[in-house]
Each structure stands twice: as structure tokens, then as C-alpha cells.
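Each chain, letter by letter, is given below.
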Amino acid sequence: MLRFRPLLVELLTAVALIVAPFVLQPLGASPDTVNRVLVWGLFGLGFDLLFGFTGLLSFGQSAFFGTGGMIAAYLLTRMGFPSVIGALLIGMIAAAIVGYVIGLIALRRTGIYFAMITVAIAEVFYFVEFNPLADWTGGENGLPGVPMPHIVIGPIDLDFNGGWSLYQFFGICYFIGIVVALRIVRSPVGAIFRAIRDNPERAAAVGHNIHAYKLTAFVIAAAYAGFAGGLLGVLQSFMPPDAFTFATSGQLVMQTAIGGTGTLVGPLLGAATWLFLQDFLQSATPLGAAWKLVLGLIFVLLIIFLRRGIAGGLVDLWHLIRRPRMVATAPAVPKAETARVTPHRPPPNANKVAIETRALGKRYGGIVANEDINFVVHEGEIRGLIGPNGAGKSTFFKMLTGEVRPSSGQILMFGEDTTNLNVTAVCQKGVAKSYQINQLFTKLTARRNLMISALSRTRGPYRADLLRNVDHMDELNADVDETLRMLDLTARADIPVSQLAYGEKRRLEIGLALGTDPRILLLDEPLAGMSPQERADTVTLIKHLAIGRTLVVVEHDMDALFGMADRVTVLAQGKILTEGTPAEVQKSAAVQDAYLGGVHA
Amino acid sequence: MVNWANFLSQLFNGLVQGALLALISSGLTIIYGTLGVLNLAHGAMFMLGGYAGWVAFTYTGSFVIAVIVGTLFVMVVGVLTERGIIRFFYNRPAEDQILVTFGLGIVFVEAIRFLFGSQSESIPPPPFLAGITNLGFMVYPTYRLALFGIVVVALLVLYLVLYRTRLGMIVRAGIEDSTMVDLLGINVQRIFMLVFGIGAAAAGFAGIVNTPVVSLAPDVGEPILVQTFVVVVIGGVGSFPGAVIGGLIAGEIISITSMFNPGYAYVMLFVAMTLVLVLRPYGLLGTAGRE
Numbered sequence: 222m223l224r225f226r227p228l229l230v231e232l233l234t235a236v237a238l239i240v241a242p243f244v245l246q247p248l249g250a251s252p253d254t255v256n257r258v259l260v261w262g263l264f265g266l267g268f269d270l271l272f273g274f275t276g277l278l279s280f281g282q283s284a285f286f287g288t289g290g291m292i293a294a295y296l297l298t299r300m301g302f303p304s305v306i307g308a309l310l311i312g313m314i315a316a317a318i319v320g321y322v323i324g325l326i327a328l329r330r331t332g333i334y335f336a337m338i339t340v341a342i343a344e345v346f347y348f349v350e351f352n353p354l355a356d357w358t359g360g361e362n363g364l365p366g367v368p369m370p371h372i373v374i375g376p377i378d379l380d381f382n383g384g385w386s387l388y389q390f391f392g393i394c395y396f397i398g399i400v401v402a403l404r405i406v407r408s409p410v411g412a413i414f415r416a417i418r419d420n421p422e423r424a425a426a427v428g429h430n431i432h433a434y435k436l437t438a439f440v441i442a443a444a445y446a447g448f449a450g451g452l453l454g455v456l457q458s459f460m461p462p463d464a465f466t467f468a469t470s471g472q473l474v475m476q477t478a479i480g481g482t483g484t485l486v487g488p489l490l491g492a493a494t495w496l497f498l499q500d501f502l503q504s505a506t507p508l509g510a511a512w513k514l515v516l517g518l519i520f521v522l523l524i525i526f527l528r529r530g531i532a533g534g535l536v537d538l539w540h541l542i543r544r545p546r547m548v549a550t551a552p553a554v555p556k557a558e559t560a561r562v563t564p565h566r567p568p569p570n571a572n573k574v575a576i577e578t579r580a581l582g583k584r585y586g587g588i589v590a591n592e593d594i595n596f597v598v599h600e601g602e603i604r605g606l607i608g609p610n611g612a613g614k615s616t617f618f619k620m621l622t623g624e625v626r627p628s629s630g631q632i633l634m635f636g637e638d639t640t641n642l643n644v645t646a647v648c649q650k651g652v653a654k655s656y657q658i659n660q661l662f663t664k665l666t667a668r669r670n671l672m673i674s675a676l677s678r679t680r681g682p683y684r685a686d687l688l689r690n691v692d693h694m695d696e697l698n699a700d701v702d703e704t705l706r707m708l709d710l711t712a713r714a715d716i717p718v719s720q721l722a723y724g725e726k727r728r729l730e731i732g733l734a735l736g737t738d739p740r741i742l743l744l745d746e747p748l749a750g751m752s753p754q755e756r757a758d759t760v761t762l763i764k765h766l767a768i769g770r771t772l773v774v775v776e777h778d779m780d781a782l783f784g785m786a787d788r789v790t791v792l793a794q795g796k797i798l799t800e801g802t803p804a805e806v807q808k809s810a811a812v813q814d815a816y817l818g819g820v821h822a
Numbered sequence: 067m068v069n070w071a072n073f074l075s076q077l078f079n080g081l082v083q084g085a086l087l088a089l090i091s092s093g094l095t096i097i098y099g100t101l102g103v104l105n106l107a108h109g110a111m112f113m114l115g116g117y118a119g120w121v122a123f124t125y126t127g128s129f130v131i132a133v134i135v136g137t138l139f140v141m142v143v144g145v146l147t148e149r150g151i152i153r154f155f156y157n158r159p160a161e162d163q164i165l166v167t168f169g170l171g172i173v174f175v176e177a178i179r180f181l182f183g184s185q186s187e188s189i190p191p192p193p194f195l196a197g198i199t200n201l202g203f204m205v206y207p208t209y210r211l212a213l214f215g216i217v218v219v220a221l222l223v224l225y226l227v228l229y230r231t232r233l234g235m236i237v238r239a240g241i242e243d244s245t246m247v248d249l250l251g252i253n254v255q256r257i258f259m260l261v262f263g264i265g266a267a268a269a270g271f272a273g274i275v276n277t278p279v280v281s282l283a284p285d286v287g288e289p290i291l292v293q294t295f296v297v298v299v300i301g302g303v304g305s306f307p308g309a310v311i312g313g314l315i316a317g318e319i320i321s322i323t324s325m326f327n328p329g330y331a332y333v334m335l336f337v338a339m340t341l342v343l344v345l346r347p348y349g350l351l352g353t354a355g356r357e
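Sequence lines, in order, name chains A and B. The number in our numbering is simply the position in the first sequence, starting from 1, with 221 added. The number in our numbering is simply the position in the second sequence, starting from 1, with 66 added.
Simulated from the structure, these hints should not be mistaken for lab results. Don't take every hint at face value.
Below, a sample of chain A positions facing chain B; criterion: calculated Cβ distance under 8 Å [unchecked claim]:
no.	residue
1	Leu278
2	Tyr334
3	Val349
4	Phe467
5	Gly471
6	Leu514
7	Gly517
8	Leu518
9	Ile525
10	Pro567
Cβ coordinates follow ideal geometry from the N, Cα and C atoms, glycine included.
The whole structure should be built from the sequences, with the hints applied where relevant.
Below is the structure:
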């Protein structure tokens, strides 16, 4: 929805922000609560980019909320800083810098470790604020006397002095916040965030420096938190020390989940639900003391039954209503010519070596997976790699791509040593692999999947082009369209990958590797699980891919492999058993021994 | 100027707190290792143990009954939580598991606050463990001395359960390779329920035996949860010996730092955790692939 209707969300947000006071005021809502919702909504925008989009669940956001708030408040109350907006921005930048340093530590690990480390971070900041830094932060008293913003631009003199007047200032801040967040979401960086959330290993394998992108998300979230923290001080005319508590982080997590993660507006909806319900329960019901118990129960029930929260529920409802039309509109696209015609491929260039391994070996403790592998593939060649189960084909492939570090020996790609490079760096050198078991970005569409691959080719391992719109990158989109046509997926390009048929997923798996436009393409059992017709089509596709590229193919379907490979290498028990043209290998007694255990006629 | 008697008693405080953290962290780590669920309600389980024991104490006046009731109550809560909620999350993403246990923790804390209020409550140590003991080189509260013994015994019991029983063997096998245990035809459902119960009971037991030292309040579990996380990161997720060593390290860091300035206790904990993350990313006794 976000993608097809540009600026719709911006427009709706602007309208909602302008209309809100006229609707809420007669209903008796206090401007204080409404402003507080905006502060939490802004705080949550950054958190949603971090958790909803990048998949990093942090319980440490209070650290940045407090840091930004305290620095802004300190500038305004103790140092007589003249500009409220200036102080807010300085607080934001300070929070971002702190976020960068903390991110370096917290992002050393993923998953539950990341969650636990962020919990510890939140607690450390709380204690530091309370004790060692009490002289600056006011300790448990906080910093009173934070002024309201007063903006003078030429003849315009704007004085925001609390209540609905302050709402105008907060509304503008929130609007700018969501516009920036939407641009980030629509940028290449935003696309990669979602790829990392879906499948971090594959995002790294197609050439993205996922650590740098995660750190980017972390810093962005810290910046939003810092700015929101400053606004909290302005709202209350006082910077409260409890901004730093673990409970603040927890409330943010709960509000975002209630409103809906991965939606940007979710945190605002969640904050509205949380704060209005809190006001209501405290003032209008006998349950006053139990307001947090009620909200906690609502949160648990939503996690159990409606994981995507209020906004997610609304989006699902919308899709439910629209579904019949969407399915019917998929047009029948004629099969691409390439899928049928076997191409004329130039012969391999015997003078140029593409892949070379020298005495390559890998041990796991006492177990030898690969030993003394000397392997040379020439440019433009299709090399088949066969061997019985456990021969070490997968380990060998993983060493070539940098997924596994060799124990001994050397790998050269076009003469360049890649032995100690990681998977991202190897991919950037023009080496890509399609996996035996699909490693797709399952929540994204086929088009988006291929775009993630293509982005690493045009942008390198990392670039912070946060404000660029991927949909306006015409060359990139043309390339993706071309790849979709080649894979015969054009008609199915815009549905989530999880709904594709198995054969389509297998083609997309090859496409993900292809999308990085590699010079060397490694295919790990590309035909696994395919029907005879799909096999024939895929073999033709592979022959097309080999034009201008070097291919190494692991495959158990011998007929198909011998039909396409220029040469075949046989691995057995971790070593190279023999190597030759398909005809030579087929006749080799050693190969028959290895496969049939010597029982041949 | 360092006062040596004071230093020794702080060192011993660290040992007591460390043993307590070791016990609580063991509970967290065996649950994570076996079920793959990080229980953010673990701090609340600690708190529930204290309150259940306190209620039993106000009715019976017996500390021993309080300890038994507190432990069993949390075990039952653990089993019911696992059967009622957690088991529906085994196939959901780790984030969902974290969110739901976090929410449950809030619900437990707020339910207690609603029932008993926010004021702090306490239980006196049993009469035969009241007063102070002169150890020759220092005088030390008798109950704290006993607490160390009690917690060490509890850790030993946990050790025996983990390393000397069939259940323990399955739990340890499950930590190494849960898929394989599943394939061997072991009733994983029942094991999961038991492990969650035992892990929760470890926290609950720690919660009640700690009440004569630190008074009860609904949010008493929050700092415990944070410290437990640090212990597990230091020791390595899923490792029982790691939890014990991590617990003792964390306990000593907290009490020795507190001697100079309590405000820096968490900073030092965090520094220690960061050092471990940089030098041994999987924790002192952890191995890759357990997350």
C-alpha cells in the first residue's frame, strides 16, 4: 500500500494532524495527552524503523530518549541556550552519536543476545544519569524550567505557549518525522532493512554489509528517540529523570506492538490507545490503580491473537475486502523466448583462469571435509561438480563464497586472493551462489527480492542513500524487469514470495544470485525437486546464464549435468577423484567405484 | 583508605549475591537452552516467589513453610504459563516470544501491585538464623551466611537434577541439539513443561529466600532480570556452569563497586559484559549456535 500510492500516507497524516484538535477538543481530550501521544509517536517512528522494518527488538531506547532530552534540557536551563529548536537538534545529534557507540557493542550479537544487551544498556544509562552525572542531570529531581519554543523568522513571530498552541509545534515536528521516516522506508536502505529482517544471511550473501545497515537503523532510531526526549522536556517544562527508566523502553515496545509494527503509524496509534486508556481508566473507572495491569493484559492478548497490532489488523481487513479483484488482475504473459531456445555459447577461454584453488582444505576438529583441492576453472566454462553424498561438495562451495573459512590453502578469483574474505566481500568481487535449499526474502515480492540483489551491485556493500526513492531508480528497475523476464516470473512479480509455486521459488533462488550480476555463478543443485519439464527449462536457462559468465554447478541429475557441462570434476571423500570432459568421466572406473562401491558389471 | 574488615564483608556479600544470581540465571538458561525461549518474565517469577512466601508467612508464621509455598507456587505458575501460553509460541519468531514473556512479566507485577499495593513488605529471618555470627576475622549477619549455604545447596540440587537424572540428560541433550531429541521419540511436550516449571521455581525459590535480606516490592524483580541477563551474556547462553561462574563474577563486581560508589555498579557490570562480548562473543562457557 505504501508503495503504490506515493504521498498518500503523508497526505492522510497531514489531514489527521490538522483535523485532530477540532475533533478531540470537543470530546474533552486534554491537549497535554494529545501532545504526549505525538511525543511517543515520534519516539516510536525510529523504533519502528529499527524493530518493525529491520527486525531488531531493542529494549534500550530509553537510553537515547533520556540522553537527547537531558542534553537539550541542560542547554536550555543551565546554559541559557537561546533556541529551543537548536537545543532539540543538538540533543538529537548527541543521542545519535551515543547510539552509534552503543550500537557497535549491542550489534556484536543478534537475536536474544541483542535484546538482553539492550536491556542492560537501558539500566546502565539510568544509573549513570541518577548517580555519577547527578550534578548535570539533577539526579532524581530532573531539570526544571525547560522553556517553550519561540520562533522568529523575519516578521513572523511564533510563540508556542502550552496546550493546543504547543500542539501546533508538536504536530509540525511529528509531520516532519513521518515524512523523513517514509522516505527512509522507500529508499534503497529501507528496502535492505526489510531484507535483513526477513533473511539476514541472504542479505549478506548478495553483497550487503548488513552490520553497517543495522548500525544505520540503530543510529536513526537513537536520533528519533533523542529528539522525542527533548520534546518531552518542552511539553512538561521539566525534563523528568524517569525518561531513562527501563519502563520507558518497555512502554515504547508495548505501544508499538499494540499499534502495529512495521507500519510507521502504528506507534502513534499505540501511544494514543495507551495514553487515552490510561487517562480513562484512572479518571472514569474504579480500576484506576490497575490501569497498567489492564494495558498489560491487552498487550499480551494482542501478541497472542493479533500480532500485527491495530494498524496491521486494519491493513489485513483492507486486503480481505480487496482480495477478489487483486487475484483476477494477473495477466497471462507469454513465456520468454530465452526459456525455449538453446543459445550458442562461445567456448571457454583456455588462456584465462576464473577460479583457482590451491591445496584448499577444511577441517572441523578431527573431521576432514575437504583436503588438498587444486581446482581450476577457465573463463566462460560450465563446470560440473559431482560426488556421492558427504563428498564435501557443499563445504567446497561454501569456501568459494566465503561462507566458510578454509583451514588451509588459497582461493583465487580472477587471480585475486579471496581466501580470507567474508561472504559479502566475495559477492562484491563478482561471485554469487544459489542455494540448494531456497534462501529467499519470503515476505517480500519476487520483484523486491531481485531488487535487493541488484542494489548491492549498483551501490556496493554499503551506502547511506536514505532519501533516494528506489522506485525512481529507473536503470535498476529496468534490470530487475529484465531478470524477471529471463526467469519467466514477470506475471508473478508482485505477490509475496511465500505464495509462489515451488518451481517459481527455485527460479527466483537462481535469480537472487543472478541479480548481483556475478562474473562467477555457483549453482548448488539448481534442479532439485523440479518436474521434468521444469528441469529442461532450467537447463536452457542455465546455458543462457553461462554466456559471458563462468559457472560451477553441483547437481545430482547426471543426465542434465553431463548435457550442459564443459568439464566435470568428481569429489569423493573430500578430495578430487578425477576430472575431465563428461564423456571421460562417464567412462571412468574410479567414478563408478565411488558411486557404486565397485559393484559394476 | 580501604577498611579490610569492610572489604571482606563486601567480598562475602558479593559471594552471597553471586550465588543467588547463579541460581536465578541457571533457571533462565536451562529454559532458554531447552525450549529456545528467552523468558523476560523471569524477574517477575522471582518477585512472585517472594510474595507467595510472604503470604504463607503471614498466615503460618513459619519461614520454612513460606519457602516451600513460594517455590511450589512459582513452579505451578511456570507450568500453567508454559501450557497456557508459551507452548503456542514455539513456532513463532523469537521476537514474539520475547514480547509475550515481557508482557506476562508486566501483568504479574501489576497484578501483585493491584492486590498488595506498592509498599514494601518483609519477612524476618527464622529465629534460629537471626542475629550475627563472629567468624573470627569478621562479624557477619547469620542469615546471610546461611543464605549462602541454602543457595549453594539449591544449586547442587539443580546440578544433580541436570547431570544425574534422565530428565537432566534429556535437557542437556536438548540444549546441544533439540531437533535430535525430538526425533528420538522423547515426549518433548512433557519435558518442556517440567523444565519451565523447574526454571521458574529456581527464580521463585531465590525470591523467597532473599526476602529477609532485601524487602519485597512489586518491581523487585526488574533489577534481578537485568543482572540475570548480564550473567547469561557473560557465562554463555544455555550453559549451567556458565551461569554459575557468570553469577559469581557479577555478584562480586556489584558488591566491590558498591563499596566505592554504588552508582557505578551497573557501569562496571556493563564494562565486564562488553569485554566478554569483544573477547569471547559466545560467553565464557558458551558455544556458537546456541542463539
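### Task
Compare the structure with the hints numbered earlier in the document and write down the numbers of the violated ones, lowest to highest.
10
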